[in-house]
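> Using the sequences provided together with the hints, build the complete structure.
Note that the protein sequences, when read in sequence, are chains P and B.
Just so you know, we're using the working numbering here: the first sequence kicks off at 1 and counts up by one.
Just so you know, we're using the working numbering here: the second sequence kicks off at 1 and counts up by one.
One or more of the hints may lead you astray.
Remember, identical chains collapse to one label, so a pair may be satisfied in a single copy or spanning two.
Unchecked claim - Here are the computed lysine-lysine pairs in the DSS-like style, where the Cα-Cα straight-line distance is at most 25 Å:
| id | residue 1 | residue 2 |
| --- | --- | --- |
| 1 | K47 | K75 |
| 2 | K9 | K24 |
| 3 | K47 | K24 |
| 4 | K165 | K47 |
| 5 | K75 | K24 |
| 6 | K75 | K165 |
| 7 | K47 | K9 |
| 8 | K165 | K9 |
| 9 | K84 | K165 |
| 10 | K84 | K47 |
| 11 | K9 | K84 |
| 12 | K24 | K84 |
Read the hints as simulated data drawn from the structure, not as lab findings.
If you want the building blocks of each chain, they are given just below.
2 protein chains.
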Amino acid sequence: MATRLLLVKADGSVLVHSDGGSYKPLNWMSPPCTLVEGDGTWTVTNKAGEQLIVTIEQVEHDSAHELGVDPGLVKDGVEAHLQKLLAEQIHTLGDGYRLVRREFPTAIGPVDIMCRDAAGGAVAVEIKRRGEIDGVEQLTRYLELLNRDPLLAPVRGVFAAQEIKPQARTLAEDRGITCVVLDYEALRGVDDPSQRLF
Amino acid sequence: MATRLLLVKADGSVLVHSDGGSYKPLNWMSPPCTLVEGDGTWTVTNKAGEQLIVTIEQVEHDSAHELGVDPGLVKDGVEAHLQKLLAEQIHTLGDGYRLVRREFPTAIGPVDIMCRDAAGGAVAVEIKRRGEIDGVEQLTRYLELLNRDPLLAPVRGVFAAQEIKPQARTLAEDRGITCVVLDYEALRGVDDPSQRLF
DNA sequence: TTGTTGATTTCGCAA
DNA sequence: TTGCGAAGTCAACAA
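Below, the structure is given as structure tokens:
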């Protein structure tokens, strides 16, 4: 038994907040779920039959407010933006680079950017906001597959991110993958539509 | 401008909740951070200098409560439990299996369980609650390393999880890794202390 | 409906 | 302090 903040949101979710844990509640139930009040308890049940049971001994405060849905939040600088900007400025990777296409399809998922270097060699680019080992593994899988295609092989790999963790860099370089740290501000700054030819 | 729930927790975090997004706030700032009130705005700044700026036009309700820290929440069935139970009942993997040790150390991190099969061959086990591609990659890295050790090689891999995603299973089996679906209830059921010899 | 990917993950442990 | 692994992710998009 402890003092807690109970929060029922309009989407049906029920949150039990303690005073720690940053934005994460101590416990919760995600929508869709049903809330049954009775005998000092809330019983919250989701579709899978899982239950969150709250015993209420005393109410310090209780109020309800309509929040509405509204525009909400606009994000900037997510991976999709990095991908778009880098595709437009593929020369960031080196002189003579040419874009083949974004979201280049393969059997195991799309490669973020496929391009060719000055010598005409195929280059697969994996883009992350934060470059960690997962991303290197993902690019490695793509490279293994792409290099089986005689029309493409040999395909080099480039791992591009705003920040690359040391361990990810080590793994990438061990595998012959080039690491590139992207400067989002610089990419965005150069992305002036009036300076673009097409 | 919209009606929002502003929540300042004792750990310093500031949460802006809308009526959607389940347990996640529309926007937030994680501790440690500082909150400066002034002129209808809250300016929340973290250590890295990032800012969350909230403009307040009207207050519908305002209250403060001491929540305390308390025991909180006890979890059951996390990976550590699966690992302990499987180590105690290593025969789940097959007759004649013997435990070498849990958290078997390697240069790139500990292998969850190292054991030997009936024929005496080394087996590295990676345990997950939910088996996804990441886990297969992790086990693959361990196997590559372990198989360079002439005292251990050849080392087989077993990928054990309560639930294994099809893509993870395919990747694992392509690499000769055995997939095992763990039944937590069954493992726990057998783990009756009164039935244990030590 | 199902699967896959990205995200301001947070938290705990150990080196 | 830093790095790494685990977690009840959630939401958007595509097949």
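> For every hint, state whether the structure bears it out.
Going through the hints against the structure:
| no. | hint | verdict |
| --- | --- | --- |
| 1 | K47 / K75 | between (31 Å within a copy, 21 Å between copies) |
| 2 | K9 / K24 | both (15 Å within a copy, 11 Å between copies) |
| 3 | K47 / K24 | both (22 Å within a copy, 20 Å between copies) |
| 4 | K165 / K47 | between (39 Å within a copy, 20 Å between copies) |
| 5 | K75 / K24 | both (20 Å within a copy, 15 Å between copies) |
| 6 | K75 / K165 | within (23 Å within a copy, 31 Å between copies) |
| 7 | K47 / K9 | within (17 Å within a copy, 31 Å between copies) |
| 8 | K165 / K9 | neither (37 Å within a copy, 31 Å between copies) |
| 9 | K84 / K165 | within (23 Å within a copy, 31 Å between copies) |
| 10 | K84 / K47 | neither (39 Å within a copy, 30 Å between copies) |
| 11 | K9 / K84 | neither (36 Å within a copy, 38 Å between copies) |
| 12 | K24 / K84 | neither (32 Å within a copy, 28 Å between copies) |
The structure shown violates the earlier hints numbered 8, 10, 11, 12.
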